[in-house]
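Undergrad: Residue strings, one per chain:
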Amino acid sequence: MSVSYQAIFWNRQKKIYDVTFTAGAVLYMAVFAGAGALLHPGATVETLLIRGLGTLALLMLHIILAIGPLCRLDARFLPLLYNRRHFGVAMFTVALSHGAFCLIQFHSGGDTNPLVSLLSTNQRIDSLAHFPFQQLGLFALLIFFFMAATSHDFWLHTLSPRLWKTLHMGVYAAYALVFAHVCLGVVQSETSPILPAVLALGFATIATLHLVAARKERTLDRLRLSAAAEGFLDAGTVESISEKCARVVTLGNDRVAIFRYDGKVSAVSNVCRHQNGPLGEGKIIDGCITCPWHGYQYQPDTGASPPPFPEKVETYRTRVVNGRVWIHPQAHPPGTRIEPAVIL
Amino acid sequence: MIAPLRRAHRIVWALLVLLLPVLLAASLVVRTDSTPVNRDFHLP
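Going down the list, the protein sequences come from chains R and C. Just so you know, my numbering puts 265 at position 265 of the first sequence, and the rest follows in order with no gaps. One rule links them: number in my numbering = place in the second sequence (from 1) + 344.
These are calculated hints, taken from the structure and not from any lab test. You may find that some hints are simply not true.
What the hints assert, rightly or not - FRET-style restraints, in silico, Cβ to Cβ:
1) C:A358 to R:D262: 40 to 46 Å
2) R:V45 to C:A352: 39 to 45 Å
3) C:A352 to R:E339: 34 to 40 Å
4) C:V366 to R:T47: 28 to 34 Å
As the list claims (entries may be wrong) - To be clear about the criterion: a stretch of chain R counts as covered by chain C if any three or more of its residues have a C-beta under 8 Å from a C-beta of chain C, and this derived list gives those stretches:
5) 144-154
6) 200-208
7) 211-218
Since we're looking at a predicted model, the values are computed, not measured. A virtual CB, placed ideally from N, CA and C, is assigned to each residue, including glycine.
Next up, chain R with everything else stripped away, as it sits in the complex (with noise of 0.2 Å):
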């Protein structure tokens, strides 16, 4: 957390997390340029840094990509969730560079501006196997690019979390145009079965993890709450929901957390205020709720941030009657304080 903007706001674990990554991208691109040369003694250093660097970038995307789904179905990957954004522009940069090193080596030799060249040299789209697939990658490093561009939380801020996601989705449409890049560029001119096999077990995995996060959170979204006197819907039992804990329920759209802790009840917004986190799948740390991606803070009877900061969520009212919580659905203003319910 953090009241003022700096560039990078370095701690141990960011500089864990890039070296790590970092250590590993120069590890794979010495592992593939040795490789190439000895399978290929004719392969020129350009076209290995080529290839080295194209398949280093979809590689890295695809373990951005799995991230999230990993995250929402097991609490031990959320490490890798802390620092995604800087492994997101570490991609850009390998991406970038592999798309600076085609328009060196395929474009640059004539008299024509090298980008012009890129997008005027190859115009056959009504043809697969000659589609102009350079185009493709370009359109998706530009992507990367906006995205990059506002990976900070100065944007995060100013557009919105919920904007910020919106268009960070952009992702998905970025990979779809390297599958196709891919499938309409090196899989027409090389006849090895290893890459097309490669890039289908690379998407079956990462779509197999979306899509079974995804019904994860649906079957929550569609679990409904009996209604109960005075509005009140019941939230199941106290014994369910672990000291520091929380437990998810669905409110119409909205999901709440609802925390467990010093012999009270307190619920809060699930949604956190920097990016949406899950809020009640974190713990109460030193008093207050903490999110589980980054760390964000909130006392749980107000939905609070402690002073400095300025985040707040909404708040709702609890009752603990006979052991069982039950929750109101009518959320109040974010930074609301409500009295907690105390367990008897």
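Position chain C relative to chain R; hints supplied.
TA: Chain C in isolation, oriented as in the chain R frame:
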């Protein structure tokens, strides 16, 4: 609050699951040997 985003994710992945495998299959079907054929060249 974010239910529309979740729904959009589901729709996007349903579309990708339908479209991308078809694209891959089609690209494999139309794949041809890109090496130019030299009709005047004959192995002994």
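Undergrad: So which of the earlier hints does this model not fit?
TA: As far as the earlier hints go, only 5 is violated by this structure.
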